[in-house]
Structures are given as C-alpha cells and as structure tokens.
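Use the sequences and the hints to build the structure in full.
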Amino acid sequence: MLPVSVAALALAGCVSWGWFEPEDFFAHYDLPQQPQLADATFCHAYSCQTRSQVDLRQVWPAVRAEFATVQTPAQERYAMAQAVGLVETAVGPVLGTADDPGGVLNSAWSGNPAYQDCIDEAANTTMLLVLMKQDGLFRFHDVDSPSIRGAFIDGRWQHYTAVVEETASEERYVVDSWFRVNGRPAVVMPFQDWYTGYGIPPEAA
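When we follow my numbering, the leftmost residue of the sequence shown carries the number 105, and every step to the right adds one.
Fair warning: there could be bad hints in the mix.
What the hints assert, rightly or not - EDC-like, lysine to aspartate or glutamate: derived pairs with alpha carbons at most 20 Å apart:
#1 237 / 127
#2 237 / 159
#3 237 / 128
#4 237 / 297
#5 237 / 125
#6 237 / 270
#7 237 / 275
#8 237 / 203
#9 237 / 269
Since the hints were derived computationally from the structure, they do not count as laboratory data. If you're wondering where the values come from, they're calculated on a predicted model, not measured in any experiment.
Below, the structure is given as structure tokens:
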C-alpha cells in the first residue's frame with residue numbers, strides 16, 4: 105500500500121499546493137496579481153530572486169499575429185508556444201537572460217540574473233498566458249495555476265510548469281518554457297504525459 109500512498113500524495117501536491125488560480129501563485133512569489141503589458145514583471149536568478157519590469161507593448165503585435173488564423177484548440181496551443189518564444193527573444197537582452205540554456209538546473213547559478221530555473225519560467229509563462237487571455241487571444245483555453253511534478257519523497261526533483269485547460273474537453277496541457285533555450289517555443293504537451301514522464305521530453309528537441 106505504501107507505493108500507492110506515496111503516488112497519491114505526490115499527485116495531490118503536484119496539482120494543488122494551495123494554488124487554485126494563477127493569482128495565488130503570483131501572490132506566493134510576491135508578483136503582481138493583475139499583469140500589465142506596460143510593466144510586465146519577469147522572474148529570473150532562480151526562484152524569482154530577481155524581478156524585472158519590461159514594457160511588452162512593442163512586441164505584442166507579433167504575439168497577436170500568432171493567433172490571427174487560429175481555428176482549433178491545437179492551433180491555439182501552438183500559437184501559445186510560439187508567442188512565449190517571441191516574448192523571450194524580445195526580453196532576453198533586457199533581462200540578461202538571452203543565453204539562458206534549456207533544461208539545465210545548476211545550483212551555482214542561484215542568484216545570478218542571467219539564468220532562470222523552472223520556477224522563474226513557470227511564473228513568466230503563466231504571466232504571459234494571463235496577458236494573452238486578458239487580450240482576448242484565447243478562444244479555446246483558460247489559464248490554470250502552475251503545477252508541480254516530483255515531491256522528493258517519490259525520488260524525483262520538483263519541477264514547475266505553466267498549465268492551460270481546454271474549455272470544451274477540460275483537458276489540461278503544460279506550457280513549459282524551461283526545457284528549451286531562451287527564445288525557443290515552449291513545449292506543449294498533455295499534463296498527464298508531462299507528470300508521469302521525467303527528464304526532457306522528445307518535444308523539447
């Protein structure tokens with residue numbers, strides 16, 4: 105019975121951790137609960153140790169263009185992934201994260217504003233998804249609070265990601281920008297596939 109109990113505990117932690125809405129996660133990391141295009145707050149330096157404000161109004165027309173021809177939920181998720189990469193490319197030189205590698209966790213980088221861990225990435229991607237939703241770019245999805253996989257007790261490191269939910273099917277999908285180098289499209293995959301897998305998924309290649 106112990107393996108079942110551990111798995112259940114890990115899943116419970118992954119799904120909730122007290123974050124029922126994106127605003128709960130933002131509050132936990134002392135981030136604005138209502139993001140604004142003119143002064144969007146980005147996390148870097150690991151675990152949101154550094155917060156920097158960036159004006160996204162110049163890059164936002166390119167974000168909107170990604171959604172111009174969307175007709176299906178799958179196309180909308182593809183547009184999300186592309187849009188996240190576009191914004192990362194634009195803000196990387198401002199934040200100093202333009203050369204941030206993908207899929208690498210190095211404790212020596214903690215406190216260095218040139219690098220981002222999965223908490224930074226989950227916070228930033230969730231913030232961007234909320235801005236897209238606020239701008240009316242989503243027809244088929246809502247933005248969930250970030251989720252976690254791994255709970256140490258199950259032998260896996262904790263890993264955070266942004267999450268969206270397809271409104272019609274209620275299927276959840278991760279939008280994970282940590283796996284790829286700065287400026288690449290985020291990895292989008294079904295939540296359960298992400299949760300039960302580990303390491304860097306093939307989609308991150």
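Hints versus structure:
no., hint, result
1, 237 / 127, "holds (14 Å)"
2, 237 / 159, "holds (18 Å)"
3, 237 / 128, "holds (17 Å)"
4, 237 / 297, "violated (24 Å)"
5, 237 / 125, "holds (14 Å)"
6, 237 / 270, "holds (13 Å)"
7, 237 / 275, "holds (17 Å)"
8, 237 / 203, "violated (28 Å)"
9, 237 / 269, "holds (12 Å)"
Taken one by one, the earlier hints fail for this structure at numbers 4, 8, listed in ascending order.
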